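**Q** In the working numbering, the protein residues as written are 1 to 291.
It cannot be assumed that every hint is accurate.
[Unchecked claim] Only pairs whose alpha carbons sit at most 20 angstroms apart, straight line, appear in this in silico PhoX-like list of lysine-lysine:
hint: 1; residue 1: K162; residue 2: K187
hint: 2; residue 1: K95; residue 2: K187
hint: 3; residue 1: K93; residue 2: K184
hint: 4; residue 1: K139; residue 2: K187
hint: 5; residue 1: K282; residue 2: K29
[Unchecked claim] Ranges of calculated distance between the beta carbons of each label pair, as one might list FRET restraints:
hint: 6; residue 1: E191; residue 2: M226; range: 29 to 39 angstroms
hint: 7; residue 1: K258; residue 2: Y78; range: 51 to 61 angstroms
hint: 8; residue 1: N229; residue 2: K257; range: 12 to 22 angstroms
Because the hints were derived from the structure by calculation, they are not lab data.
Keep in mind that this is a model prediction, so the values were computed, not measured.
By construction, the Cβ of each residue, glycine as well, lies at the ideal position given by its N, Cα and C atoms.
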Amino acid sequence: MEEFFDNYKFTDKELEIRRSFISGSDMIKLATGDADIINDLFLEKTGKSEDQDLTNIFAVMLGLVTEDLNLSWIARKYGYKIKYLQEVLTSKKHKFMRCTLDGAIMNFDNQVAVVDAKYTNGRPFAEESWSDVIPRLIKNYTPQLNWNAYLLSEKLGEPVNKGVLSIIRQGNEPLVEEVTIDPKYQKELIEIATYFYGCVQLDTPPKEIITSEPPIPPELRKPYDMSSNDDFKHYALNFIQTKGAAVANKDYEAKLKKLVPKDALNCFGHGINIKVAKNYRKTIEIVEESI
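Based on the provided sequences and hints, a complete structural model is requested.
**A** Here it is, written out as structure tokens:
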């Protein structure tokens, strides 16, 4: 029966190629900002750690063997036309960018969407409720979807604005979850990967990588009652008390700027100086106590 697992093992050449690029699954690790996870990835990419045999991880294998069923099911149920199955994409602009697509839905709400098929036991972590599981998975895989969408966009020569996670949860049929692709977030991911790849090339361990939270779709956002948060209470009360002063300040700022002659380099007096830039943008600074 070992031949079954051989079909899913990487050859030495494939492992060498994987070390030479940053993939979508690598991007998930980098986007965590976790020093230990990123250092492990660095050791892997620089050949200083033994390559992990993923066929020894049952959860990984379960995801692999259910992928075809997953995508075939949603294609039949929703009429999706899915192309580019297991196609390897490499960026023309960023040579280190690479991914293996699960596929692309060519008719998702009349547009192209990159799709990723996942399997999960669907159990909540400690201090999570059952309703928190899918949002956590979406957050975790959003970097990979954005990464793969960028590469697919390069291939097609047109924007790819949607990502789809097709999630098999326990023994249930796949859930189709939509993720909006964010160009600003894609740019941040590429900047992180550029830095990390440079560290690999120089064989220099990366320093702290600071990342922002993946964009959260509006439908997954929720209200929070901050009544019991003492810091929130302190800042809220101060905000309310100073709100009137801030509004008045903005009003006087506008009135002062309106008094500046068109040919002025700067205007000063009564403790303030108004500078006029070449593009006529005016800034006010306090130079002494007002009188």
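**Q** Now, for every hint given, state plainly whether the structure supports it.
**A** Hint by hint, here is what the structure shows:
Distance hint between K162 and K187 is fulfilled; the C-alpha atoms sit about 16 angstroms from each other, no more than 20 angstroms. A hinted pair counts as satisfied when its Cα atoms are at most 20 angstroms apart, and K95 with K187 qualifies at roughly 15 angstroms. Restraint check: the Cα-Cα separation between K93 and K184 comes to about 17 angstroms, which is no more than 20 angstroms; the hinted pair holds. Under the criterion of a C-alpha separation no larger than 20 angstroms, the hint pairing K139 with K187 is consistent with the structure, at around 17 angstroms.
About 45 angstroms separates the Cα atoms of K282 and K29, which puts this hinted pair outside 20 angstroms; it is violated. Roughly 32 angstroms separates the CB atoms of E191 and M226, a value that falls within the hinted 29 to 39 angstroms. A hinted range of 51 to 61 angstroms holds for the C-beta pair K258 and Y78, which are about 58 angstroms apart. Between N229 and K257 the beta carbon distance is about 38 angstroms. The supplied range of 12 to 22 angstroms is therefore violated.
Comparing the model with each earlier hint shows violations of hints 5, 8; every other hint is respected.
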